[in-house]
Amino acid sequence: GNSVTQMEGPVTLSEEAFLTINCTYTATGYPSLFWYVQYPGEGLQLLLKATKADDKGSNKGFEATYRKETTSFHLEKGSVQVSDSAVYFCALSPTSNQAGTALIFGKGTTLSVSS
Amino acid sequence: KAGVTQTPRYLIKTRGQQVTLSCSPISGHRSVSWYQQTPGQGLQFLFEYFSETQRNKGNFPGRFSGRQFSNSRSEMNVSTLELGDSALYLCASSVTGTGSHEQYFGPGTRLTVT
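Protein sequences, first through last, are from chains L and A. Each number in this note's numbering comes from the position in the first sequence (counting from 1) with 14 added on. Each number in this note's numbering comes from the position in the second sequence (counting from 1) with 226 added on.
Derived by calculation from the structure, the hints in this document are not laboratory data. Incorrect hints may appear among the rest.
Each computed DSS-like pair below joins lysine-lysine, with the alpha-carbon atoms no more than 25 Å apart [what the hints assert, rightly or not]:
| # | chain 1 | residue 1 | chain 2 | residue 2 |
| --- | --- | --- | --- | --- |
| 1 | L | K74 | A | K227 |
| 2 | A | K283 | L | K121 |
| 3 | L | K82 | L | K121 |
| 4 | L | K121 | L | K70 |
| 5 | L | K66 | L | K121 |
| 6 | L | K82 | L | K70 |
Pulled a few chain L residues facing chain A out of the computed Cβ check, cut under 8 Å [claimed, not checked]:
| # | residue |
| --- | --- |
| 7 | L58 |
| 8 | L60 |
| 9 | A67 |
| 10 | R81 |
| 11 | F103 |
| 12 | K121 |
Just so you know, these numbers come straight off a predicted model, no measurement behind them. Note that the Cβ used here is the ideal one computed from N, Cα and C, for glycine as well.
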């Protein structure tokens, strides 16, 4: 079946440190991959996406590359800020052109950045 | 453009009651999906609607139902509430609801069942 596995948190970093949050997936077909972020008391915000192998999604200094050979979509940022403290979710949409597709989420990784 | 809006933001209900949650998608988006978020189970898909038709459904009991109106606004209903239904219910809208199109989420409705 389809599934997403994220590294367990919490991840605690100092400001300006390098961030990596690992995400691997299992899927049949050709999924689309997403990273969402959730700030306390809020819904999910789309951070970035990639729809085919070797695509790189990027936004607000965050990047992730769709690696089909390793079934991974790791999130990276070169220099984190306190304002990046949130919960990050990796998600997949099983088949890119299928209607009514449900997102499948990882369990989320809590990031805490201190100044 | 205004984002996805959900009402109410908070609800407290008693076991056995029923509840209706509302979601207004981003203008021009015709697909609306609903998700349940709990600390134990994480984010789970409930159902998806497009042009007033349910196209996909997750693995939830029949007490959970939904509908979509001609203006794409959607409601979900939970009947005979149980304590385990306490959760954050998130609505997401998408242009077409196909897999490669991103879904945009609302702030959620926090339901507490006592």
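Against the structure, the hints:
The straight-line distance between the Cα atoms of K74 of chain L and K227 of chain A is roughly 20 Å, inside the 25 Å bound, and the hint therefore holds. A distance of roughly 20 Å separates the Cα atoms of K283 of chain A and K121 of chain L; the hinted pair therefore holds under the 25 Å criterion. A threshold of 25 Å between alpha carbons decides the hint, and for K82 of chain L with K121 of chain L the separation of about 21 Å falls inside it, so the pair holds. As the CA atoms of K121 of chain L and K70 of chain L are separated by approximately 22 Å, the hinted pair is consistent with the 25 Å bound.
As the CA atoms of K66 of chain L and K121 of chain L are separated by approximately 23 Å, the hinted pair is consistent with the 25 Å bound. Of the pairs offered as hints, the one joining K82 of chain L and K70 of chain L holds, with about 12 Å between alpha carbons and a cut-off of 25 Å not exceeded. Below 8 Å, beta-carbon pairs count as interface contacts, and L58 of chain L has one with chain A at about 4 Å; its hint therefore holds. For L60 of chain L, the interface hint holds, the least distance from its beta-carbon to any beta-carbon of chain A being 5 Å, beneath 8 Å.
Evaluation of the A67 of chain L hint against chain A yields a violated restraint, the C-beta minimum of about 13 Å exceeding 8 Å. Annotation: interface hint on R81 of chain L violated; nearest CB of chain A at approximately 18 Å, more than 8 Å. Hint on F103 of chain L holds. Least Cβ distance to chain A is approximately 7 Å, under the 8 Å limit. With 8 Å as the threshold, the beta carbon of K121 of chain L comes within range of chain A, its nearest partner Cβ sitting at about 5 Å, so the hint holds.
Checked against the numbered hints above, the structure breaks hints 9 and 10 and satisfies the rest.
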